[in-house]
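Number of protein chains: 2
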Amino acid sequence: MKATILTIGDEILIGQIVDTNSTWLGEQLFLEGVQVTTMKAVADTTEDIINALKQGFEKSDLIITTGGLGPTKDDITKKAIAEFLEVDSYFDEEAFAHVKRMFANFGRETTEAHKEQCYMPKGVEILKNKMGTAPGMLFKKGDKYLLSMPGVPYEMKWIFKNSFIEPYLRSWDTGLSQVNKTIHTVGRGETYLEEQIRPIVQRFPEELSMSYLPSLGRVRLRINARGEDKLALESSVQSATSEIKEVLGNLVFGEDKDTLESAVLNAFRNANLTIGTAESCTGGNIARLLTSIPGASDVFQGSIVAYSNSLKEDLLAVSSEILKNHGAVSEETVSAMVQGAIKTLGVDVAVAVSGIAGPGGGTPEKPVGTIWLACGNAQEIRTKKLNLTKNRLKNIEYTTNIALNMLRQYLM
Amino acid sequence: MKATILTIGDEILIGQIVDTNSTWLGEQLFLEGVQVTTMKAVADTTEDIINALKQGFEKSDLIITTGGLGPTKDDITKKAIAEFLEVDSYFDEEAFAHVKRMFANFGRETTEAHKEQCYMPKGVEILKNKMGTAPGMLFKKGDKYLLSMPGVPYEMKWIFKNSFIEPYLRSWDTGLSQVNKTIHTVGRGETYLEEQIRPIVQRFPEELSMSYLPSLGRVRLRINARGEDKLALESSVQSATSEIKEVLGNLVFGEDKDTLESAVLNAFRNANLTIGTAESCTGGNIARLLTSIPGASDVFQGSIVAYSNSLKEDLLAVSSEILKNHGAVSEETVSAMVQGAIKTLGVDVAVAVSGIAGPGGGTPEKPVGTIWLACGNAQEIRTKKLNLTKNRLKNIEYTTNIALNMLRQYLM
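From first to last, the protein sequence lines stand for chains R and Y. One point on numbering: in numbering that gives the first Met the number 0, the residue at position 195 of the first sequence is 194, and numbering is uninterrupted. One point on numbering: in numbering that gives the first Met the number 0, the residue at position 307 of the second sequence is 306, and numbering is uninterrupted.
Quick caveat, the hints were computed from the structure, so don't treat them as lab data. These numbers come from a predicted model, not from an experiment. Some hints here could point you the wrong way.
Because identical chains cannot be distinguished in the list, a pair is counted as satisfied if it fits within a single copy or across any two copies.
Computed cross-link-like contacts, BS3-like style, restricted to lysine-lysine with a CA-CA straight-line distance of at most 30 Å [what the hints assert, rightly or not]:
| # | residue 1 | residue 2 |
| --- | --- | --- |
| 1 | Lys78 | Lys53 |
| 2 | Lys244 | Lys229 |
| 3 | Lys323 | Lys383 |
| 4 | Lys383 | Lys129 |
| 5 | Lys180 | Lys121 |
| 6 | Lys156 | Lys384 |
| 7 | Lys156 | Lys389 |
| 8 | Lys323 | Lys342 |
| 9 | Lys389 | Lys342 |
| 10 | Lys129 | Lys365 |
| 11 | Lys365 | Lys156 |
| 12 | Lys127 | Lys365 |
| 13 | Lys53 | Lys140 |
| 14 | Lys244 | Lys393 |
| 15 | Lys99 | Lys383 |
| 16 | Lys143 | Lys389 |
| 17 | Lys129 | Lys180 |
| 18 | Lys256 | Lys393 |
| 19 | Lys389 | Lys99 |
| 20 | Lys127 | Lys180 |
| 21 | Lys78 | Lys156 |
| 22 | Lys256 | Lys53 |
| 23 | Lys143 | Lys53 |
| 24 | Lys383 | Lys229 |
| 25 | Lys160 | Lys121 |
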C-alpha cells in the first residue's frame, strides 16, 4: 500500500510552523508497512487542495490530510473534500452532541463556530477524537481511501492511533514488508564513518540500502530493507548491524529509539553512580535533556544553573581567585565547577560547562564560541575546549551533545 | 514569483527526521515576497525526483531542492538533475580545490567520496558553501530557475543567505508584495479568541486574511496581506493589529519574532528585577528557554534543578515536615521552593515547579499529570495547580509555558 501525506495551511508554506505532523505520520505508516511516496504541503485554497487530492490519488491508495478542520474561519479542507468527492454536506447531530458534552465537562457553552464544525461531506465515516472537538473523517473513493484529521498534533495523533490504525489500516492489505535499523554514533563525521564501513555496505544484498543522517556532533546510520520475506529481511538487517557496530566500536551509542541522554542514564544506572550538572552557557539544557527521559530520577539528582559569577562562587565554590585570574570561561573554572557540583549536589560524577554562547560577549582572547567543559568525579577531572560559531542556539545544542558524550566516555 | 520547495530523502518520508529546512526556506522566501505554493518531500530515487521537478516547473518559476548532495552513497539528486535537464556531467576542478583547502585547514586529506562530489551537471552556476564540502548549484531552464543545496541545515542556510539571495533572487522580479503580522497570545483557546475579534475580522478589507495557530497553552494569530501596494498593505495590517491587541488586552504577550521567554525577560529588565527558577519536573526547561535569549544574563541569575527530595531540602530549604506532611508535589512545597530559590539564588522573583510528569509515578490522590507551580517574591507568592495528561514531554512543555506566564503576570 502506498500513501501520500498532505498538510494544509499557509502557515506551513510561509515557514511559520514546522510540519512535525507529517514526520510523525511518516514514521507510523512506515512501521505499519505502508510506503509513503510523497509528503506535500499546500495553501488554504480550495483549488490547491483539490489538485493535491487528485495528484495524490494518481500515485497512492491512501491520502492522509492534516489541518484545516478547526472551528475558525480559515478552515476550508472540508469544503474542498466535498467538492473533490462531488458530494453535498449534512449536519451531523452525533458529532455536535460530542462537542456539547466536551464543553459541558469544562462548564462552558458551545458557539456557532462549533456548530459549523459539524457539517460533514456525505459518505463520511466519523472517527472519534477524544482530545478535541473536530473529529477525523474517513472517505472511500473506488478502492482508495482519504483520511482527514485536524492539524493540532495531539488531536491528530489520538485519532490516528485510536480510531484509525486498528479498525481500518490493519484490516487493509499493505503489500511489501519493510525493516529498518538506525545506528546512532557520536564523535566522527559522515565521511569518516562511510569509509570505515564501506566494505560492509558494498557487500549488502540487493534489498538493503544505507543512509547517513548527520546532525550537530552526531551521525545516524540507517539500514533500510524492503522485500516480501519479512523474516529474511530482519535477519539481513541484523547481521549488517552487528558488522557495522563491530567496526565502529565506541563511536556507537545506541540503536533506533535510543538517545544520547538515555544511553548516558542507562550506563550510569548500570554502574550504580549518580550524576549532576553545573551549567552556565547551556542554561539547563543538559539537565533538561536528561530529565526528558522517564525514570531519570534514580541517576540524575539535580543541576545548578549558575548563570551569574556570584552563583558560581556561592553555590559551586569556584574561588574568586580563579574567576579573577582565569575568568569564568576557563579550564580552571569548569574544573572547580565539577568539584563544586559533586559536593553541592551530592553526586558521584558531574559535568560542567562555561562558555560564550554568543552572539555577543566575545573578546580577542576569548571570542564568541569559546566553550570549556569538564567532567569527572571527586578524584579525577577531564576537560575539553571548543571553538564554535557565533550561533547561540547551535552552540548550546552542540555543547550539550559534547557534554553528554563526556559523561558517556567517563564510564569507558 | 512562485516557488516550490522540494526535499529529497527517504529519511523524511519514513519520519526519521523533521523537515525544518523547508520551514526555514518558506519563511525566507515569504520575507522576500516569493509565494511558496508547494512544499514536497520525495524519496531518494531518480524517477521520483525527476517527476517532482517536472511538476514543480509546471506551477512555479523557482524550484529549490535540499538534500541528496552529500559525499555518501545514498545521494542521487545530482544524477537526477542532470537527467532532468538532459545534460552531461563534468569534473569541476575549482569545487575540488575548495574541498581540498577546507580539509587542509583541518589537517586532513580528501577521499574518493569527496572527489565524486565534484562532478557537476553541465550549465551549473556553482554557489559557494563556506560551511561544508558540497556547493550549492543553480540552473536555468527557459525562464525558470532550479536551486539545489545540501540538506545539512547550517550549510543550506549559509548558501541561501550568502550565495543566493543578494546576487540572484533579489535581482529577479518577485511580483506581488506580502505583509504579515503575528500576534502572540497565551491563556485562552482559539475559539474564545476568534469570538472576541470576529467583528474586527469581518470588517477586514479583501486583501487581508486571518489564521489561528494553536499550540500548548498559546495561540498565534496571523494577519496576512497580499497585493500590489506594499505601503497600503502595511497600513491595513497595522490598523488591524492595533484593534485586535486592544480587544485582547493582557492575553497578548508579543508580536512576530517575540517569544514568551523574551517577553518575560524584557518585562523584568524594564522593572529592574532579577529572576531565577527552582525546577523539579521541568528539569531545567524553564531556565533553558530563558537562557536561549541573547543577553538573558542581566535578568536571569540561575536555577536550582532539585530533582531529588534531599536537594529540595538542602538547596531550597524545603523543610522535611512539609515534604513529609504534604509531599514533594504540593502547594506547600512549591511555595517553600520559591522562598528557597529567592534566598539561594539571591534573586527578586522566582518561579517553582514540582509535579508528576509521567508516564509513571502517580498515586490515587496525585495522579500522573498533577503539577504545582508557585511564583512570587519574598513577601507574596501565588500558586497554581494543573491536572495534565500522561504524556511526559507535553506536560513539561505546557507547564513551562504556564510558569513563564506566571512570571509575566507577576508584573501586571
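Verification of the hints:
1. Lys78 to Lys53: both (15 Å within a copy, 29 Å between copies)
2. Lys244 to Lys229: within (22 Å within a copy, 58 Å between copies)
3. Lys323 to Lys383: Result: close within a single copy only, 21 Å intra versus 42 Å inter.
4. Lys383 to Lys129: Result: close only across copies, 26 Å inter versus 50 Å intra.
5. Lys180 to Lys121: Answer is neither: 42 Å inside a copy and 37 Å across each miss the 30 Å cutoff.
6. Lys156 to Lys384: Between. Shortest inter-copy distance 26 Å satisfies the 30 Å Cα cut-off; intra-copy 42 Å does not.
7. Lys156 to Lys389: For Lys156 and Lys389, only the inter-copy Cα distance (14 Å) is at most 30 Å; the intra-copy one is 37 Å.
8. Lys323 to Lys342: Answer is both; intra-copy 22 Å and inter-copy 25 Å each pass.
9. Lys389 to Lys342: neither (33 Å within a copy, 34 Å between copies)
10. Lys129 to Lys365: Between copies only: 23 Å across, 54 Å inside.
11. Lys365 to Lys156: between (47 Å within a copy, 26 Å between copies)
12. Lys127 to Lys365: Answer is between; shortest inter-copy Cα gap is 28 Å, intra-copy 58 Å.
13. Lys53 to Lys140: both (11 Å within a copy, 27 Å between copies)
14. Lys244 to Lys393: within (28 Å within a copy, 34 Å between copies)
15. Lys99 to Lys383: between (59 Å within a copy, 27 Å between copies)
16. Lys143 to Lys389: This pair counts as neither: shortest intra-copy Cα distance 51 Å, inter-copy 35 Å.
17. Lys129 to Lys180: neither (33 Å within a copy, 33 Å between copies)
18. Lys256 to Lys393: both (23 Å within a copy, 18 Å between copies)
19. Lys389 to Lys99: between (52 Å within a copy, 24 Å between copies)
20. Lys127 to Lys180: neither (33 Å within a copy, 35 Å between copies)
21. Lys78 to Lys156: Classified as within: same-chain Cα gap 23 Å, cross-chain 37 Å, threshold 30 Å.
22. Lys256 to Lys53: This pair counts as neither: shortest intra-copy Cα distance 36 Å, inter-copy 37 Å.
23. Lys143 to Lys53: both (12 Å within a copy, 25 Å between copies)
24. Lys383 to Lys229: neither (46 Å within a copy, 52 Å between copies)
25. Lys160 to Lys121: Classified as within; 24 Å inside a copy, 48 Å across copies.
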